[in-house]
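**Student:** As you go down the protein sequences, you meet chains V and F in turn. Residues 1 to 351 (the numbering used here) are what the first sequence spells out, left to right. Residues 1 to 351 (the numbering used here) are what the second sequence spells out, left to right.
What the hints contain is simulated information worked out from the structure, not anything from laboratory work. Beta carbons are placed, not taken as given, at the ideal position from N, Cα and C, and that holds for glycine. Certain hints may be false.
Unchecked claim - What the simulated footprint calls covered on chain F by chain V, stretch by stretch (three residues with Cβ under 8 Å from a Cβ of chain V suffice, anywhere in the stretch; the number is not a length):
#	region
1	50-58
2	70-79
3	103-109
4	114-127
5	222-230
6	307-313
Said to hold, decoys possible - Beyond 10 Å from chain F on every Cβ pair, some chain V residues (computed):
#	residue
7	Ser75
8	Thr123
9	Asn125
10	Thr169
11	Gln269
12	Leu278
Unchecked claim - According to the in silico footprint, chain F covers these stretches of chain V (three or more CB under 8 Å from chain F):
#	region
13	49-61
14	109-119
15	143-154
16	216-222
2 protein chains.
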Amino acid sequence: MVLPHVVAPLRLPTDSAVDSAEHGQSARRGEFALIEQYFKNLTDQDGVLLGIGDDAALVNATGGPHSDLVVATDSLLQSVHFPAIASAYDIGRRTLSVNLSDFAAMGATPRWFTLALSLPVETANSVWLEQLSAGLAEVANRAGCALIGGDTTCGALALTVTLIGEVPTGQALRRDGAREGDRLYVTGTLGDGAGALQMLLKDDVATQDPRLFEHFYAPILRLDEGIRLRNLASACIDISDGLIADLSHVCTASGVGAELQLSALPIEQRLRRDFPDLCTDWALSGGDDYELCFSVPETRTGDLCKLIETGYLDATEIGIITASRGISLLGDDGCRVLVDSQYSGYDHFAG
Amino acid sequence: MVLPHVVAPLRLPTDSAVDSAEHGQSARRGEFALIEQYFKNLTDQDGVLLGIGDDAALVNATGGPHSDLVVATDSLLQSVHFPAIASAYDIGRRTLSVNLSDFAAMGATPRWFTLALSLPVETANSVWLEQLSAGLAEVANRAGCALIGGDTTCGALALTVTLIGEVPTGQALRRDGAREGDRLYVTGTLGDGAGALQMLLKDDVATQDPRLFEHFYAPILRLDEGIRLRNLASACIDISDGLIADLSHVCTASGVGAELQLSALPIEQRLRRDFPDLCTDWALSGGDDYELCFSVPETRTGDLCKLIETGYLDATEIGIITASRGISLLGDDGCRVLVDSQYSGYDHFAG
C-alpha cells in the first residue's frame, strides 16, 4: 500500500483508456496494472511460463547446466539520460537499447526483462504509455526478449530495466581477459553519441543529421557481434562513457595497458566533415556510442579478419594491449601521450 | 554518460570514504561504483560466477531442467512506501523484505538480486550508504540471497529491487488455482501493517508498541512457509494491499469467490486491545501485512493441520472458496455482506 496523506497515488486522467475500476486498484497497488494494460503485447515469447499478473514471473531457461544466467540492471532518468523533450517512443527505444548494450558486451543472449516505471501524474496517460510500449516493443522484438514483469509508481520520470538472459558456460566476454600483445578493435564508428548529444542540446544543428538523432535513441544493437566474439575476444566492453574511460575499465580488470592509434579511430565521414575540431575528442571520450571495444589474441586475428572481410563483423583495429599500465595515444606524427581514465578532451592532449 | 549542463551528476561529499578518483568515474558513469564500494559484502554467495563490476552478472542456476526461474521487481519510493524520517537501515530492511514477500507467495527460493538506487545528493554519504547496506545484508543473509549488480543515479530517493530465484518445475504457488470448497488460510496475524502505519504517522502513539515498528520495517519473512505450501496450497498470494484486495486477485484469477468468517481473523491481542474500533478494518483492508493468504483443497486440510500442529506453519483458517463470485463477510450474528475488491473499511460494512 502507499502512505496515506503523504503523496497522491498515481491516478490516470479520466480520458484514459484504463478501466476506472482497474485504475482504482492500480492506484492503490502501484503494481502491474498499468504495465499489464499497455505492455501485454511485449510478453508473448518462448520460455515464459507465467508473465505479468502474478506475484512473480516464471520462466524456463533452456540452457540448463550448459549455460550461465546473465543479469544486468540500468536506470534511465529524464534530464539525465534523455532530454525532457524526448518522445515516449524514443525513451522506450533508448532505455532498452542501452540495457541490451551491456548484454552485447558479455556475448549474452537476452531473453526476458522487467520494467520499473516511475511516472509523473501528467505523463500517465494512455497515449504516452502506448508510445512507450511501442518503443520498447520495437527493440524487444529485434532483440528477441520479452517483458515478464514490472512495477509502476508515481514520481519523477525514470525507467529501470533488468535484463535476464543466457550465455554458454565459460563463454561470456568479460573485462579481465586482455593480455599483452592482444589487438584492440571497436565495432562501427565512434563519436556519433557525443555528436547526437550536441545536436539535441543545440537547436541550430538540429536538422543537420537525422542519423545522429536515430543513433541517440536507437543505437545499433551489437548482440550478434557479441555472440560472434565468443571464444575469440579475450575481453570486451561496451562504450557507454567514452572509449578511454571504458577501455580503462578493461585495462584495470586485466592488469594491462593499451596504446591507441589516433589515425585508426573509425569516425563517420559526415561527422568528420561537420565537426572537424571535435570529432576526435568525441571518439575518445564522448560516450553514448554503444559500440563494442574488444581485444583479440594475435594468434586469433586471422579468424577475426575473416569475420570482418565476409561482412559478419563491422569492426576496425585501433591499437594494441601493452604490459605497461595506462592508455597512450599515438598521433600521426609519432608523438605518444599517456592519458588517464579521466581524459576528457583532445585539447589536453594537444596542449 | 549523463547529459551535461542539465543536472549535476551524483557527487559524494568530500568527507566520504569513496576514493576521489573512483568517485569522479562513478559520477560520470552513474553505474556500479557506489554499490561496489558499499555493498560488496552482499555478494559472497554460492552460484555467483561474476558479481558486481562487469557489464552484467553471471550466475549459475543449480536446478537445471527440473526448476523454473522466478523473477519479481518492486520499487519503493520515499514518502510513498516509507516515511521520509525512515533510517537507511530500516529502508534497506523494508525494501528487501517487501520484495521477498512476493517470492514467499510463489513458494520460490530467492537466490540473487539487483538494486537500482536513485539517491538525492544530500543522502549520498558514506554513513547513509553503509546503513542501507547493513539493512539489506541483514535480510539478504536471512533469506540466503546475494546482490549481483545494480545502478546508482542522482534523483529522488527510490530503490528498485529485482529478485531472481528458483522453484521446482510445476510447483510454483500461483493465484489461479483456487477451487470451490477449498479452505482459506492466512499466516501470522493481520492488521499489524496498518497499525504500524498509524503509529508512524501519529507521534502520540509512537511509543506504544515497538513490535509494530519492527513489523513495518522488517515484516516476518514467510519464505519457509511458502516452500512448505508447495504441492499443498491450490493458490497463494501475499497480503500487501489488504486481505480483501489481495484475495480478490486470487478469486479473479481463479474464477471463484470467497466467504470470510469475521470472528476467525487472526488479530494480535495487543492490537485488538489498543485499537478495538479499527483492528478489524485493518485486518480486512489495511495492507502492509506481508502474510500469505492461501487456499487448500479440502482433501489436503489434514496434511495442512499436521503442519500447523507440529509448529511448522503459523496459519489460521479464515474462510472458504465459493463458486459464486465476489467476497462475502460472515459476521458473528450470522449476517452475510458481499463486499467488492475496493472495500476499504468496516464502517461500510456496519453501515
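**Student:** State for each hint whether it applies.
**Tutor:** Status of the hints after comparison with the structure:
1. 50-58: With 7 residues in contact (Cβ-Cβ under 8 Å with chain V), the coverage given for the region 50-58 of chain F holds.
2. 70-79: That given contact holds, which follows from 8 residues of the region 70-79 of chain F lying within Cβ reach (below 8 Å) of chain V.
3. 103-109: Holds: 4 residues of the region 103-109 of chain F have a Cβ under 8 Å from chain V.
4. 114-127: Since three or more residues must qualify, the claim that chain V covers the region 114-127 of chain F holds, with 4 doing so at under 8 Å.
5. 222-230: It is violated, with 0 qualifying residues against the three required.
6. 307-313: violated (count 0)
7. Ser75: violated, 5 Å
8. Thr123: holds, 15 Å
9. Asn125: It holds; V:Asn125 is separated from chain F by about 20 Å at its closest Cβ, greater than 10 Å.
10. Thr169: violated, 8 Å
11. Gln269: Its Cβ never comes within 10 Å of chain F, the nearest being 24 Å, so this holds.
12. Leu278: For V:Leu278, whose nearest Cβ neighbour in chain F is about 14 Å away, the distance exceeds 10 Å, so it holds.
13. 49-61: holds (count 11)
14. 109-119: holds (count 5)
15. 143-154: holds (count 6)
16. 216-222: violated (count 0)
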